[in-house]
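Student: The residues making up each chain are set out below.
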Amino acid sequence: MTDQLTFPDVVALAVPFFIAAILIELTWILIRKRGGRYETLDAVTSLIMGAGNVASGIILGFITFGFLMFLWELTPLDLGTSIWVIALCFVLDDLRYYWVHRFGHRIRWVWASHVNHHSSQHYNLTTALRQTWTGTFTFMMIVRAPLILLGFHPAMVLFCGGLNLIYQFWIHTEAIGRMPRWFEAVMNTPSHHRVHHGRNPRYLDANYAGVFIIWDKLFGTFVPELEEEKPDYGLVHNLGTFNPIRVAFHEWVGIFKDITQPGITWRDRLNYCIQPPGWSHDGSRDTSETIKAKHLERNPEDRGTAGFEGG
Amino acid sequence: MPLEILGPMVVLGIAGIALLLHLAGRTAPMRLETEEDARRAWLREHGEDAPGAVLVAANGRAALLRLPSGALGLVTAMGADPSARYLTGASWETTAQGLRIRLPDFAAPRFDIALSKDERAAWLALKDQTK
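In order, the protein sequences belong to chains A and B. Numbering (the numbering used here) for the first sequence: 1 to 311. Numbering (the numbering used here) for the second sequence: 1 to 131.
Just so you know, these hints were derived from the structure itself, not from any lab.
Coverage of chain A stretches by chain B, computed from C-beta distances (three or more under 8 Å per stretch; other residues unrestricted):
#	region
1	19-25
2	42-50
3	227-237
Far from chain B, some chain A residues (derived; all Cβ distances over 12 Å):
#	residue
4	77
5	83
6	205
7	289
8	310
Yeah, the Cβ is synthetic: ideal placement off N, Cα and C, and Gly gets one too.
The task is simple: from the sequences and hints, build the whole structure.
Tutor: This is the structure in C-alpha cells:
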C-alpha cells in the first residue's frame, strides 16, 4: 500500500494566477464599465478571508489529513495513481463536494462555516476567495471517507479537492454571461453559480455543484439563471461589518447564543445546530422554505416556475 | 510553494488590489439620497415590514425607520451596498459626531452615525415616540 505519496499543493501554486485574474477582471470592469462591481472594503475582506483560509489549512490541516491517513491504514484497497484513477477520483470528489456543499446550506452547523462565502453583496473573483476559516470544525472530512476506503490515496483526494476549488474560482464573475450550450449543460458556469449566490427567494438552495452541474440536475436542485430576474447577491440578512473576525465567526456566535438561551429543551438546542439556517424553536425566523412560501403568497404567478416547483 | 514566497505574495497582492481599487474610486460608500432609497433598502431585507416614518441622515449613509409593529429599523451603508437591521435591544449614545447605536449582534455590533444636532434631536424624538 502506498503510504508516501505527494501531490503538488495546487491552491498555493494558483495564488499568482488568482491575483492576475482579479487584476484582469477589475481592468475589464473599469474599462468596459460593465461586467460586475468592485468595492474596496468588500474586496479586501474577501482577500483576507482567503488568506486566512490558507493559514487555517496550514495550522489545522493535520487533523483532516490525519483522519484520512487513519482510514487509509484501515482499507485493504489501493487503486494506485494512474491518470484514469486520478480522473475518476476527481469526478467522485466532485460528487463529494456537491453533498458537502448541500449540507453546508441545509445544516446550520456546517452553514456556520460556509456562510462567510456568501456574505459579500458583490460577485466578482475576490468573492471566490472569501473562504471559511472554520471548515475543520464542521467535521465534513467524514464525507471523504468513502473515497479513501475505496482505495483513493488521501493525498490524491486532497489534490482533486484543490483542483475543484481552483475550477470554481473563475465562475465567480459577472464579466462572463453564458458559455456555449453544451458547456452549460455539463459544467458549472458563472451563470449557474450566480444563481447559487442569489438571495432572491427563487434562487435559494440551488446549484450546489462544484465542477459538474449534472449533480444538481440529478438530485433536483438545479435552477437556471433567468434573464428577467438578476441575482441579488449576499445573505438573506446581510452583515453590518467588514471585520474579518466577525465575518468568520458570526454564525458560530449565533449558534452559541441560541443553544445557551434559557427555557428551551435539549432537543431545541440540538435543532439549533442541525436544522437548516433560519430554524427556530418558536418559528419566529424564516428558513429558505418559509421565504419561498411567503414569496409565493405575494406572487402566486411564480408557482411552478424555476426555483418554485415544489411550492 | 514556500511560505517565505507565498506570504509576501499574498500580502503584496492584497495591498496592491486595495490600492488600485481605492485609486479607481471604489471606496466611496453608497448614499441614500431619498426616503424612498431607504425604504427600498429596508424592504430588500425585510419585505413584509413596510416602514412608516423615515429619517435619512444628511450625509446619506444611514436612515432610521419606524415600522408598523412599533419597532425601529436602521439602514446603513455597507460599502457600496445597504444593510438593514431591527434595533431590538439597541443601546443609544450621543456623541460629538451624532449617535452611536450598539446592537446585541456579533455581525453588526456598533454603528456610528454622523448627524447634525437637529438631525440627532429628530432621530431621538422618533426613538422616544416609538417606545
